[in-house]
Structure formats: C-alpha cells, structure tokens
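Protein sequence lines correspond, in order, to chains A and B.
If you count the first sequence from 1, position 24 lands on 24 in this note's numbering, and the numbers rise without skipping.
If you count the second sequence from 1, position 294 lands on 294 in this note's numbering, and the numbers rise without skipping.
Note that these hints are calculated values from the structure, not bench results.
Careful: at least some of the hints might be erroneous.
[What the hints assert, rightly or not] Cross-link-like lysine to aspartate or glutamate pairs, in silico, EDC-like; alpha carbons within 16 Å at most: (1) B:Lys212 to B:Glu308; (2) A:Lys227 to A:Asp84; (3) A:Lys201 to A:Asp84; (4) B:Lys356 to B:Glu319; (5) B:Lys298 to B:Glu308; (6) A:Lys196 to B:Asp28; (7) B:Lys212 to B:Asp247; (8) B:Lys7 to B:Glu70; (9) A:Lys35 to B:Glu144; (10) B:Lys7 to A:Asp111; (11) B:Lys142 to B:Glu70; (12) B:Lys210 to B:Glu151; (13) A:Lys51 to B:Asp66; (14) B:Lys7 to A:Asp14; (15) B:Lys366 to B:Asp322; (16) B:Lys3 to A:Glu18; (17) B:Lys167 to B:Glu217; (18) B:Lys142 to A:Asp199; (19) A:Lys232 to A:Glu256; (20) B:Lys343 to B:Glu307; (21) B:Lys72 to A:Asp14; (22) B:Lys160 to B:Asp150; (23) B:Lys353 to B:Glu307; (24) A:Lys51 to B:Glu124; (25) B:Lys383 to B:Asp322; (26) B:Lys82 to B:Asp247; (27) B:Lys210 to B:Glu186.
[Claimed, not checked] Covered stretches of chain B (in silico footprint by chain A; criterion: 3 or more residues with CB under 8 Å from a CB of chain A, positions within the stretch not fixed): (28) 122 to 136; (29) 218 to 227.
Just so it is clear, CB atoms sit at the ideal spot from N, CA and C, and this is done for glycine as well.
Each chain, letter by letter, is given below.
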Amino acid sequence: MANKEIEDDNETWDLVLEPRTSWYSLGLSQILRFKDLLFLFVRRDFVSVYKQTILGPIWFFVQPVITGITYAVIFGFLADISTDGVNPLLFYMCGITLWNYFSDTLSKTADTFTANASVFGKVYFPRMIVPLSVVLSNLVKLGIQLLLFIAVWIYFLATDNTLHPNITILLVPFLILLMGFLGLGFGIIITSMTTKYRDLKFLITFGVQLLMYASPIVFPLSLVSEKYPQYKIFLLANPITSIIEAFKYAFLGVGEFNWLYLGYSLSFTVVLLFIGLVVFNKVEKSFMDTV
Amino acid sequence: MSKVVLKAINISKQYRLGQVGTGTIAHDLNRWWHLARGKEDPYIQIGDTNDRSTKGDSDYVWSLKDINFEVKQGDVLGIIGKNGAGKSTLLKILSQVTTATTGKVKIRGRIAALLEVGTGFHPELTGRENVFLNGAILGMTKAEIAGKFDEIVNFSGVEKYIDTPVKRYSSGMMVRLGFAVAAHLEPEILIVDEVLAVGDAEFQKKCMGKIKNVAGEGRTVLFVSHNMQAMSSICKTGILLKNGLIDEMSDMNTCIKKYNGLFEESVLGTVSIKDRLNRSQSSGNILFSNIQAFSNGKKTWDFRYDEEINFQIDCEAREQSDGLLFYMALLEPLTTDVLTNFKVVVKEGAVVKGEKLSFTITLPAKTLRVGQFLLYFAIGDAKQTRWYDVVDNNVNLPALNITAIDMDPHYNSGMFSIPYKLNINS
C-alpha cells in the first residue's frame, strides 16, 4: 500500500508507528524509560487507599485477621476440616495471605483497559506500566500482611512445638513472585480479551472465588490425597496448588512439597505470562477504538 | 534545510459504526480467518468517506484516508477543519493513543501530546503529588519534574493549595495546575489540542504566550484549534482537513481562508421532510413539508455566532383544521433536554384541506453561543388540544452548528446570551 519511494528511505528514525508490529517486540525497553511513572503509580495506589482514614495502613491488617478468624470458626470448628494438626487460625492466615495477593492482583489487572480508558485515551505511555504497578502495590500490601502473619507465626512458634519450619523458607520470595506473575498473566489476558466483548467479565468476579476452593486454602492437599486420591490430579493441575502447599510447608512444616509440582507451576507461569504479554501488546495499540 | 522530524505516510483510519455486540463477532471472525491465512482484511476495501451529514450504506467509515505530510524541525503546524473532519483522529494516531488502520508515522526525537490537561489527576492526592504523577504520565522523569517543580507551581498560581487534595480545587485551579505541568514538558515535538479553550482570559493569554515561546525555541509544534485568530498568529503552515482528506496544505492563512469558505459553500439545501414517515405522536392533519435554515439569504445550517438565524417552514393541510399553533424548541444534543421554546399561533380560523402555509422565524444574532443545538418543531390546533405533526430526533434534522472565528473570551462558556442592562450607581 505504502508509497514505494518513500518506503525506501534508509534514514534513521527514533520511532515508527505502524498498525502491526512483530509479535516479539514487546517494548520492554519502553517500560524502563517510564520506570519513574511505575513507582509513582505504586505510590498513588498505596497512598490513595488510606487517605482520610485515621488508622491508615493498619487497615491492611484487619482483612486477613478477620477472614482468618471467620475461616477458623466456619471451616475449622463447625465443618471440622483437618488443618494437618496446625492451629486453624495460623493455617488459614497462611493460605489467605498468599491467596489474597494473587486474587487482588488478578482482579485489579483484569480491568486494566476498561478502568483506565480515560487516561489511555489521552496520552501514551507503555500500557504495561499499569498492571505492573498493580503487582507492585499489591506486593507492598502483601509485605504488610506478611509481617502480621509472621508475628502470629512467631507467637505460635514460641508456644506450640508442633510447627516445623524448615530451610524451604528461603523459597518464599520465589513463591511470592510466582503468585504475582500468575495473577498478572491471567489478568492481562482477561483484560485484553474483554476490551471489545465484555462477556468474560461476568466470569471473573465469581471465577476468582471458585478458584479459591479449587486451591488448598481452606483445606490441606493431604485431605484430598487421603479421601479422594483419584481427584488429586485435578487439584494439582491448578498451578496455585503447589505454590500454596510449598508456602505452608515452608512456614508450618505441613503440606506436600514437591519439586516436580513446583516446576510445573513455574513453567505454567512462564508460558502464561509470555502469552499474556504478546496478547496485551497486540491489544494495547488500538483498544481505544473498541473499549 | 532543516530536517524532517515527523513524516506521515498514507495513514488511514477505519472505524466501525454502530454498537459492539453479537452482530460484530461474525465480521471479527471473518477478518481473523482472512488474516490468519495471510490474506488481506476483507473489510479494508469498503467504507464510506467521513461525511457525517449523509447516511452511508456501509457499516464502516474512513475517518482519515491516505494522509501524507511532513513536518520539519521548528515548524509550527496548525491543523484545522470542521467538526468530524478527522483532526482528533489524526492527533490520536500521532500521539500513539491508537494506531492507524494502514500506513506509517515516522518520528525523530521525543514526542509528547497534550490532548487534555491534567490527565490522570487523582482526586485524593495533593497538588504536589499530582504534579509528579501527571508529569510522569506525560513522559518526564522524576528528576526532571523535581527540577522544575517551583517553576510549575509558580506558573500555575496555586501555591497556596499545593498541599491540598485536588478534589478540593475549583475546576479552574485544576486546569491551571494541569497546564502548568504540561507547559514545562520539553519534547522535541509537541502536539496540542485545543487546551486553550479553558481557563479565564488572563490564563488563556498566558497559555498562548507559552506556546509561542515553545515555538520560538525551535521546537516543533502541531496545534489543533477552532480559534482561527490564535492559529494565524502562532502557526506558519497549516493543514485543512475535510471529510477525512487533506483539503489544503500550505501556509496557515491560505488554509484559514479556505476554511471560512467551507462554511459558505456548505449549503445544505432545503430539508424536505414530507416523505419521512417516522413521525411520532402526530395525527397528520397538517404535515410539515420543508424546513430551511438560512442566514443573510444563503441557505446553511452552520452559523457564526454573530449572524442572524432564520428558518423557513412550510406545511400543508391534509385535512381541514381549526387554526394552527406552532411550537419550536432548541434541545441540548446529548441529553435532548429542552433549552428554550416558544409557541405562536400562526393561523386563526379554519384551514381548508390542501391549503399550504409558509412562515419564517428569526433568532437574533449573538443569542446562541458556540456549539450544536437540535431542533424540535410541532404544529397543532390553535386551542392546543392536539398535535398534528411533530418533528423530533426521529426525523434527523441537521443540527444547528454555531461557530465563532474571532476571539470572544466568553464565546464558549454557556449556551445563550441574554440581553441585560448595567447601571453604574456611584
């Protein structure tokens, strides 16, 4: 289509805008140039949450504590689901803390395009900055909640000798990273697929909730191995399962830690994130026309 | 000769009309299937030119078609055109907000676009925090913003409120702060879209001064505005867009002349509404047959705000009736709220079958401010017991388009001017 003689010029240009770019140019160098914006977004997300509150970031503590107590009462005492001999409050808080990071990241990145359409419609910056900032600001929140969990954990460590933390605790940062990237991967795929047809959005709200019950948050994996070993494979197909189990194993010494399972989760995350980046990159160029 | 810093090669942009829904998925799947086999997009050959006043046959429209131009370093290029000519689409493509359907844009140096002031302001954050956030969104680094922070705050004139959340700001203060950040951007190419239409007269002056300075420093500016006075004083070269095509590309004043000519030539003949059957709530005893808007004897639906607006309305009696009452209203286009209306008895006594009636209505000059207004007409019997004919949105009359070409500081605030008296009592 393009004019041949203009096309042939071999001058140097800093930027060429084209309708289609090759799938492998993910524009990661652009993200580096806008790293200040990334951190300002993180700051904005974090700071704006507790503006005009008295307790400020302390509110981040309330959520896991109340949820932990509720789960301990309902699943621990009323339903009497096994917690592998660990104190139910500690057991549930352990799962919830890491799970919340995943679910918050997923649900917030999943509406990147629709929620930011007004800004995206007026100015260009690498769109990936926004979901990345969500991963980071949720990481800050996770850090705070993790501190709380560790405080509770130390208390039980001192009073209760059934806990067996071990060297795998060194893997915790890696597990957190995996969880964050899993949430990001799912999130950017969903947001890319919902700019034009919003159908998937209805799925996401209850989908995340259902996914929690398909992960060993309120029950240990050992319970499934014991009662329904034939269904265990389905649970293990969920990449979150092995991450949560490894996390629990590291702190509490219960659960199934398996390198093979973790390897599966890692490969799943890498593939998912790659597909997500490719799709996101393709959609970000012209989503403004269809959002 | 200075070097070319921006080059647009054959850029076209196609939009799909109508809503996204189950109907569009068939096209999407078909397109995907063609592209997956390495074939051309099956919908790229079709599409109407971008002329909003006529209804096309296609679901696709070319908002821009085969646009080619070059901008040299230090050029100040003005882009003008009537509403819907494709100016904003062009700016969106140049500023990377969206991509062209076909074609390429090549750019040298850093480019920044100002399509809006205060993009991304977070209401809960303070002015200070928002300056950093907004600056970073526009592409500045934290260090750059920190270096210019005092200057920005000074320019905005809101020092006193800098540590207050911006949700407490007046809209004017917000705009000032937003523009102050934008004004301290230092890209090689700056794209500006009508941001001058905000703020009070003093602030507008300041903004114009700033843009002139930027241009004077040898940086390249692309500027879109409806304010022809500003355009001719700032821009050297111009592009006039018409229905998605470049109509004229030369020095600014030639473009402006041609642009003003567009309004003279855009005669939309008499709108015959006799055969449009989609009337609501009317009995049809009397029907409107023609509606014509004109000014100074020439037929048009585009008016300058200082022109008298006239309508000539023809109607025809299908059945006999007892007197005629005419009702007319101006509506707000988005909400279709009635802005103003009047009722006049245009004929007393019996109207016989087949009788034709024609009358003229005049709205004085400088009553309507810049903008678009929809018309609503109705005719009924003189005692107001029922309507014979109603012309509402269903009939799709052209909107009344009011523009201004000179610099009236209040031309775009408010919708009407009303007569008033001022007495000085000292």
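Holds or violated: Lys343 (chain B) to Glu307 (chain B), with C-alpha atoms at most 16 Å apart:
Distance ~23 Å between Lys343 (chain B) and Glu307 (chain B) Cα, so the pair is violated.
Proposed proximity, Glu308 (chain B) with Lys212 (chain B) (alpha carbon, max 16 Å) | Outside the cut-off at roughly 35 Å; violated.
8 Å C-beta test of the segment 218 to 227 of chain B against chain A, three or more residues:
Since three or more residues must qualify, the claim that chain A covers the segment 218 to 227 of chain B is violated, with 0 doing so at under 8 Å.
**Item:** Given hint Asp199 (chain A) paired with Lys142 (chain B) - CA-CA distance at most 16 Å
**Value:** violated (39 Å)
*Pair hint outcome, Lys210 (chain B) versus Glu151 (chain B) [Cα-Cα no greater than 16 Å]*: Holds, because 13 Å separates the two Cα atoms, which is no more than 16 Å.
(message) With the threshold set at 16 Å, check whether the alpha-carbon distance from Lys7 (chain B) to Glu70 (chain B) stays at or below it.
(response) Given pair Lys7 (chain B), Glu70 (chain B) holds - Cα atoms ~4 Å apart, limit 16 Å.
Need the status of pair Lys167 (chain B), Glu217 (chain B): alpha-carbon distance at most 16 Å?
violated (35 Å)
Checking one constraint from the list: CA of Lys142 (chain B) to CA of Glu70 (chain B), max 16 Å. Satisfied?
Violated, at about 33 Å.
| field | Straight-line alpha-carbon gap Lys366 (chain B) to Asp322 (chain B), limit 16 Å | value | violated (36 Å)
> Has the given pair, Lys383 (chain B) with Asp322 (chain B), been kept, meaning a C-alpha gap of at most 16 Å?
Replying inline: holds (8 Å)
Hey, Lys196 (chain A) versus Asp28 (chain B), does the alpha-carbon distance stay inside 16 Å?
The hint holds at about 10 Å.
Taken at face value, is the distance from the CA of Asp84 (chain A) to the CA of Lys227 (chain A) at most 16 Å?
-> This hinted pair holds, its Cα atoms lying about 14 Å apart.
The earlier numbered hints that this structure contradicts are 1, 3, 7, 10, 11, 13, 15, 16, 17, 18, 20, 23 and 29.
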